[in-house]
Amino acid sequence: MSLRGAIAIVGAAESTDLGKIPDKSALELHVDAALNALADCGLTPADVDGVASAGEMPVDVADYLGIVPEYLDGTNVGGSSYMLHVRHAMAAISAGLCETVLVTHGESGRSRIGMTPWAPAPQSFMAQLEVPHGPVGAPSLFPIGVRRYMAEYGMTREQLALVPVVQRRWAAMNPRAKLRDPITVEDVLASPVIADPVHLLHCCLVTDGGGALVLTSAERARSLDLPHPPVYVLGAGESSESSVVSGLESLTSSRAIRVGGERALAQSGVAHADVDHLMIYDAFAHVPIYGLEDLGFVGRGEAPAFIEDGNTAPGGSLPMNTNGGGLSYTHTGMYGMFAIQESVRQVRGTAPAQVDGVDVSVCTGVGGMFMSSGTLVLGSAATL
Amino acid sequence: MKPVPTPTPDTRDWFDRIDAGELTVPRCAACGSFFLYPRSSCPRCGARSVELVPAAGTGVLLSFVVNHRGPAGFEAPYALGVVALAEGPRLTGVVRTDRPDRLEVDAPVRVAFEERGERRVVCFDLEEATA
Ligand SMILES: [Zn+2]
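In order, the protein sequence lines correspond to chains B and L.
Quick note: the first sequence uses UniProt numbering, first residue 1, plus one each step.
Quick note: the second sequence uses UniProt numbering, first residue 1, plus one each step.
Here chain L stands alone, though its shape is the one from the complex (with noise of 0.2 Å):
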């Protein structure tokens, strides 16, 4: 099995998000700055006055390697990435292909949810598979 996530109390709403097939950005509503990883403050102006506003689901594939060989589950070769998302934060995140050896720096991607047991995990698709 898998590995899944074990949300903390200033992460959970935004994983529990994720379960439900929505992918959020914290933004704090004192100065508008977007950040990742979720977190109950804002690493801009410290203010504790955060909100999940829904992501567009669109991002860019700034940069990743191809694993080959993986934890139990995950079969090698595949891409582990990190995707800049429209709203600016980054994650990190399998981009799902069948020739991670073709993949390049600055494809456009669109997010989607591996389903694994009770929750769902983030990952990318490649923009044109999905068009």
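One chain only, chain B, in its complex shape (with noise of 0.2 Å):
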């Protein structure tokens, strides 16, 4: 049985507001932009049999709203959780153990209303083998590699910072973006440096907001009167490796990129050169580096030149990360939802800085320092 295009995202919104939002808990943001994604498709919470969420747990959205769940998803492997959501719920929803699957997102990441302190737990692998020595969050050890791979593949520092530089551009075209004013190489490589090589300008926002979509069988999703066009789900792939940077296979790739994201591009049938427009997690400058190599749009090594020549910016070959990206638009923790919410937005014709006839979108979210990956290769009518 193939699962390619068996679901479809029917409802897909953002939190009314994003940024800073101090008038709302965490989970009112999950149920905010869970009452705006069931709004954009005409349903309600009592037409939904199925939550997902990570953060908050898929209990507690259930019963804010009221909804009697058959089918539970409460998977949390970070940023790219949703990406995992979405993908057990075509399996769920194609073995017929519920029908409408509400994925939820939720984070008040400046304003921390209702949020458990950060801190990875004092028994765990990375509180006894990386905090004792002085990393200062995912700053100091998410890029770790990026050393490792400036001097294996030539990357300079300009062309790292190229990256956040070729994403203003994009959120310059997006009213939502929090950064919208234009940056220059010079701009990042001036702004402090928190962990050198990296400077501030290659560090995402940290910002409040929330993300919902809602899921459905493609067959139910034609006799819905739909104010949207329905968005296919024609591939996903997921995978994880170490939760330590020490015992990753690669400093300079991510193997849970590369596992999901060519079980997703197989199982969607799609070629590299049929991708229209990608969004890749940017909680830092060089993950988009990583992930245009580790899907295979590029060779290894690759990455800086084809952003460097224009390829991922407005107009070119690949536009990527339309929204402004982690780095420009929004980042609440868990970037995950967006990430996808953006590439629905572009399938669908509605989005702000709109590429021209968008039918596939392939979208990868990052977890940890690289510890998780799901991809997702979403498409138009046009696709099936």
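Certain hints may be false.
Stated by the list, open to error - The following residues of chain L were derived to be distant from chain B, with all beta-carbon distances above 10 Å:
hint, residue
1, Pro5
2, Thr11
3, Ala20
4, Ser49
5, Arg90
6, Asp101
7, Asp106
Stated by the list, open to error - Partial pick of chain L residues on the chain B-facing surface, computed with a CB cut under 7 Å:
hint, residue
8, Ala30
9, Cys31
10, Asn67
11, Phe74
12, Val121
Calculated from the structure, these hints are not laboratory results.
Positions of the beta carbon are idealized from the N, C-alpha and C atoms, including for glycine.
Combine both chains into one complex, guided by the hints.
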């Protein structure tokens, strides 16, 4: 049984506000986004029989909304959790376990309302093997491989700085993006050094916000009176590896992105050349560079030149992170939901910085410091 | 006070040996593979027979960042690196140097230990500096 095109994203929406939302808790942001996504497809909580969420428990989301669930998915593998929720819902809906799944995200990343303080559990491997050596959170751990990448492939500091520069150009076209003023390579390299070679402008934002998706079978989607065309899930994949950076198979490549991406593309039957639009989780500037290579869009070591040549920029051959990304649009902590939202908008043709003729969008999330990854291949009706 | 690890039952022996000034690398008695982090079963074959083998104490700096601000007790700038030990597995640790801006990848390093109260924590010195 092929699950290609078996389910559709019929509702997709973000929280009413993004950025600084001190009057809503993290759970409320899940609910706000959920109600927006249900309104987006003309359904109500009573139509939902499956709930998936990360950060907050699906139990709490379902109860807040008055949903009586028959399917719960609390998969939490960090920022890529939502890609996995979609993949698991694909299996569950196709197997008849439930009919309509609501996937929700919400985080008070900046205001910290209703959030548990972030700290690795004292007996986690991160706390045992990394914390004693003085990392300052993700900015010192996530980019540790960058210097090795520079040494092996000759990437320059200027090329790394181009990632936020190009994404800011997309953000400039998106009124909801938090940072929209143009920046230059010089601006990036003149911003404060956080963990050399990483400067402040190589790092993502910290914001409040939420997002939600409504998924159902492609068959049911066609019977609903929807204000937007359904976006079909053509392929999905997921993987994981070590919970500590020193345990990763490679410092210059992500096995989790590679394994999950290969699976998603194979299932979709879509060739790289037929991908019109790409979202790659950008908690830090190097992640899209790794992602372009690990997903096979370019060869090993070729991503910096690919970006430098304008391929991912407005007007380029492979528009990437067109909402401005975690570097300029928004980043609540588990950004994956926002990458999916932008892929859906691009396939629907409703994105603020809309690319012409997007029928296939690939969307890749990352959790932890490359510890997990999920990839979705989304398509319009024309791709079925 | 800088943080110290809180070992779990599966890592305690490895950390205790560090406290005694000895770095070891876990090795599977069944298939012979070396691995880190320490654990009670082999990630390659699943065997539960793991022994701690004394490490040569040498390695290569695979990559690093230079932190320009640090937690309490860490004097910035300092280099936080991932080292490939001679036995193969990798470890995270601070590379002790006065000039972190001059570090380069592939620099040969030697394991050292920093005293932190009751415990010791692994760090690395450049080979030249210890020669
Ligand atoms: Zn073994």
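Results of checking the hints against the structure:
no., hint, in the structure
1, Pro5, "4 Å, violated"
2, Thr11, "6 Å, violated"
3, Ala20, "17 Å, holds"
4, Ser49, "21 Å, holds"
5, Arg90, "4 Å, violated"
6, Asp101, "8 Å, violated"
7, Asp106, "7 Å, violated"
8, Ala30, "20 Å, violated"
9, Cys31, "18 Å, violated"
10, Asn67, "5 Å, holds"
11, Phe74, "4 Å, holds"
12, Val121, "5 Å, holds"
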